[in-house]
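Student: Below are the chains, spelled out letter by letter.
Protein chains: 2
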Amino acid sequence: MPAVENGIPDIVIGRLPIYLRALTHMAQEGDKVTTSSHELGQRLGISSAQIRKDLSHFGEFGKQGTGYHIKYLIEQLRHILNLDQEWSTVIVGAGYIGHALAHYQGFQHRGFRIQRIFDNDPSVIGQDMNGLTVQHVDELSEVMENEGIQVAILAVPASAAQDITDLLVDAGVKSILSYAPINLNVPQGVWVRYNDPVVQMQRMTFYLKSEE
Amino acid sequence: MPAVENGIPDIVIGRLPIYLRALTHMAQEGDKVTTSSHELGQRLGISSAQIRKDLSHFGEFGKQGTGYHIKYLIEQLRHILNLDQEWSTVIVGAGYIGHALAHYQGFQHRGFRIQRIFDNDPSVIGQDMNGLTVQHVDELSEVMENEGIQVAILAVPASAAQDITDLLVDAGVKSILSYAPINLNVPQGVWVRYNDPVVQMQRMTFYLKSEE
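Just so you know, the sequences run in chain order A and E.
Counting from 137, one number per residue, gives the positions in the first sequence under this note's numbering.
Counting from 137, one number per residue, gives the positions in the second sequence under this note's numbering.
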């Protein structure tokens, strides 16, 4: 994954969904129409200068003195992040994690629709998961190609992760969120991000003092 | 969360668990005793210069020409990240995500032991989850204080997340991994990281072309 695209560092892109989430909460709270980089920064523990600098890559969204119009900035961020559309998404792996993801309410209204779920275990194929029927992974390629699906969530064991990734790539996937605790090889133009709770927890234990 | 502690940027700390994971895979593969920043970098899509620079904050781990001794570097990284010990961890929230976490095999041997799981829903209290009995959240404070638990995973709805966080902080928590899609307020000295799959996915859609 390149660190910079169109002159915009990926780390800046990575903060936009966080801004979007906080602005969406503000809009839901409904008690104000505008906000400032200062207020947003306080909520997020990010400096207001950082927020202004990040947003300045994409245009001029606020006015000196009046700040940002919350709903307008939400619309703009959704547009920048290609969330004007809803992305059809497949889950591969219907174990504990896949099951939790199939039931996760957080995709709705945030740009993703879980469309299909696959596994290779005969004992779960055909099961209903929150309205989706678990399909055999052998059907994955055909379904993805027919439906033009570009987004996948990988929730299979580390040992199977690279093989399934190769299958997904052949079927046209462009973006993979992987829960398998292993680094995946993908060709240029395919994006992978990793969701490994232990990596996140280990980043914090650095700062802790031992139990005894 | 400060961006820098002891002169070491948090973003550097954030890469150490990734190095540790990749080195552990190398050790498990068992076909070599040493590796190089170049080889590690290739596996991770990180430049070898970055890896050398990150590690140089903590000492001299490799030798020019012979590279890093894999098992030694694993030990050192575990020591730096305070993973010599196993951290007792509580899960709060026994819904779909908490359930998946209770069954997750990835904590073992990586520094964490899921010790307790709590919920406030009478219909799940008393249930067995992978050998743990779901306890009422009213018992949380006493258990955490008695057992000196500093690490928690928060898997409750956004609407309950701040209240439970306040409870955890009062009970002595120092590190929280939160699955609730909302920013939490914690005092200085308490660390929070957020696991929000949608934020990760939105970071990738920026780079995608629309379905049609």
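Take the hints with a grain of salt, since some may be wrong.
The list that follows gives simulated cross-link-like pairs (lysine to aspartate or glutamate, EDC-like), each with its CA atoms no further than 16 Å apart [as the list claims (entries may be wrong)]: (1) A:K345 x E:E196; (2) E:K345 x E:D332; (3) E:K345 x A:E222; (4) E:K345 x A:D220.
In silico negatives: residues of chain E with every beta carbon more than 10 Å from chain A [unchecked claim]: (5) D146; (6) K168; (7) E196; (8) R246; (9) D264; (10) E281.
Coverage of chain A stretches by chain E, computed from C-beta distances (three or more under 8 Å per stretch; other residues unrestricted) [to be verified]: (11) 201 to 211; (12) 296 to 310.
No lab work stands behind these hints, which were simulated from the structure alone.
All values derive from a computational prediction rather than experimental measurement.
Where is the CB? At the ideal position from N, CA and C, for every residue including glycine.
Student: Could you run down the list of hints and mark each one as holding or not?
Tutor: Verification of the hints:
A threshold of 16 Å between alpha carbons decides the hint, and for K345 of chain A with E196 of chain E the separation of about 24 Å lies outside it, so the pair is violated. At most 16 Å may separate the alpha-carbon atoms for a hinted pair to count; K345 of chain E and D332 of chain E exceed this at roughly 23 Å. For the given pair, K345 of chain E sits about 12 Å from E222 of chain A by alpha-carbon distance, which is consistent with the 16 Å threshold. A hinted pair counts as satisfied when its Cα atoms are at most 16 Å apart, and K345 of chain E with D220 of chain A qualifies at roughly 12 Å.
Distance to chain A contradicts D146 of chain E as a non-interface residue, since its nearest Cβ pair spans about 8 Å, not more than 10 Å. Distance check on K168 of chain E: its Cβ is at least 17 Å (rounded) from any Cβ of chain A, clearing the 10 Å threshold; non-interface status holds. Every C-beta of chain A lies more than 10 Å from that of E196 of chain E, the closest at about 20 Å, which supports listing it as non-interface. Listed as a non-interface residue, R246 of chain E fails to keep its Cβ farther than 10 Å from every Cβ of chain A; the least gap is roughly 5 Å.
The beta carbon of D264 of chain E sits about 14 Å from the closest Cβ of chain A, which is more than 10 Å, so the claim that it is off the interface holds. The non-interface label for E281 of chain E is consistent with chain A: the shortest C-beta to C-beta separation is roughly 13 Å, beyond 10 Å. Check result for the segment 201 to 211 of chain A against chain E: violated, 0 residues qualifying (beta carbon to beta carbon below 8 Å, three or more required). Counting residues of the segment 296 to 310 of chain A whose beta carbon lies closer than 8 Å to any beta carbon of chain E gives 1, which falls below the threshold of three, so the coverage claim is violated.
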